[in-house]
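Please build the complete structure, drawing on both the sequences and the hints.
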Amino acid sequence: AQSVTQPDIHITVSEGASLELRCNYSYGATPYLFWYVQSPGQGLQLLLKYFSGDTLVQGIKGFEAEFKRSQSSFNLRKPSVHWSDAAEYFCAVGPNNNAGNMLTFGGGTRLMVKP
Amino acid sequence: DVKVTQSSRYLVKRTGEKVFLECVQDMDHENMFWYRQDPGLGLRLIYFSYDVKMKEKGDIPEGYSVSREKKERFSLILESASTNQTSMYLCASSLTGANYGYTFGSGTRLTVV
Numbered sequence: 001a002q003s004v005t006q007p008d009i010h011i012t013v014s015e016g017a018s019l020e021l022r023c024n025y026s027y028g029a030t031p032y033l034f035w036y037v038q039s040p041g042q043g044l045q046l047l048l049k050y051f052s053g054d055t056l057v058q059g060i061k062g063f064e065a066e067f068k069r070s071q072s073s074f075n076l077r078k079p080s081v082h083w084s085d086a087a088e089y090f091c092a093v094g095p096n097n098n099a100g101n102m103l104t105f106g107g108g109t110r111l112m113v114k115p
Numbered sequence: 001d002v003k004v005t006q007s008s009r010y011l012v013k014r015t016g017e018k019v020f021l022e023c024v025q026d027m028d029h030e031n032m033f034w035y036r037q038d039p040g041l042g043l044r045l046i047y048f049s050y051d052v053k054m055k056e057k058g059d060i061p062e063g064y065s066v067s068r069e070k071k072e073r074f075s076l077i078l079e080s081a082s083t084n085q086t087s088m089y090l091c092a093s094s095l096t097g098a099n100y101g102y103t104f105g106s107g108t109r110l111t112v113v
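Residue numbers (my numbering), protein chains in the order written: chain A, 1 to 115; chain B, 1 to 113.
Source of the hints: derived by calculation from the structure; they are not laboratory data. Hints may be right or wrong, so weigh each one.
Said to hold, decoys possible - To give an idea of the interface, some chain B residues facing chain A are shown, with a C-beta separation under 10 angstroms as derived from the structure:
#, residue
1, Val19
2, Gly40
3, Leu43
4, Arg44
5, Ile60
6, Tyr64
Being a predicted model, the structure only gives us computed values, none of them experimental. Think of the CB as a built atom: it goes at the ideal place given N, C-alpha and C, for glycine as much as any other residue.
Set out below in structure tokens:
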């Protein structure tokens, strides 16, 4: 069965500092990987996704993520955090086939940004 | 712009009431999902549907039922609301095929008193 772990429940960074949110997955093959962001009181918005090819993927709002097969990780990064990035972030994994598309979500990481 | 619309942002219901949460998508997606989100527990899948009139239980279906009479609409029903069903409910939809990901609605925050 697939699973996703986000080890950090809360992270606080200063505005302008760099950010890395960790995501580790368990899956038998190369999965499809996603990062979503949830602003307070809102639904989830897709930031970026990885299917194959270049292991460094670019997303919206200046985010990027790197797939590392050897570490079963898909960490999210941003070089300079803005106050508007304060939100909850979810990593998700899905099967690498077209038979179904059930996503498994991690528990989320809540990001706080200090002025 | 593609959309998943949840009919209510906030709802307050009384214990024992029958509650309907509605979700409509305009993207002709086959799959639709209902999650509940609680602090510290992440997203938990209640039910999903991969076709009209088809439904499958997720991880926490107890106390809930669903209806999908039309492709674009997926309803979550709380047969007899209880205080432990106070939560944020999120609807999502997707095309078949994992590479598409999900599109989420804005959520319904339900309070049962």
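Hint check:
With its C-beta approaching chain A no nearer than about 19 angstroms, Val19 of chain B sits outside the 10 angstroms limit, and its interface hint is violated. About 8 angstroms separates the beta-carbon of Gly40 of chain B from the nearest beta-carbon of chain A, less than 10 angstroms, and the hint is met. At its closest, the beta carbon of Leu43 of chain B sits 5 angstroms from a beta carbon of chain A; the interface hint therefore holds under the 10 angstroms criterion. Annotation: interface hint on Arg44 of chain B holds; nearest CB of chain A at approximately 9 angstroms, less than 10 angstroms.
At about 14 angstroms, the closest approach between the beta carbon of Ile60 of chain B and any beta carbon in chain A exceeds 10 angstroms, and the interface hint on this residue is violated. Nearest Cβ of chain A to the Cβ of Tyr64 of chain B: about 18 angstroms, over the 10 angstroms cut. The hint is violated.
Hint compliance for this structure: hints 1, 5 and 6 are not met, and every other hint is.
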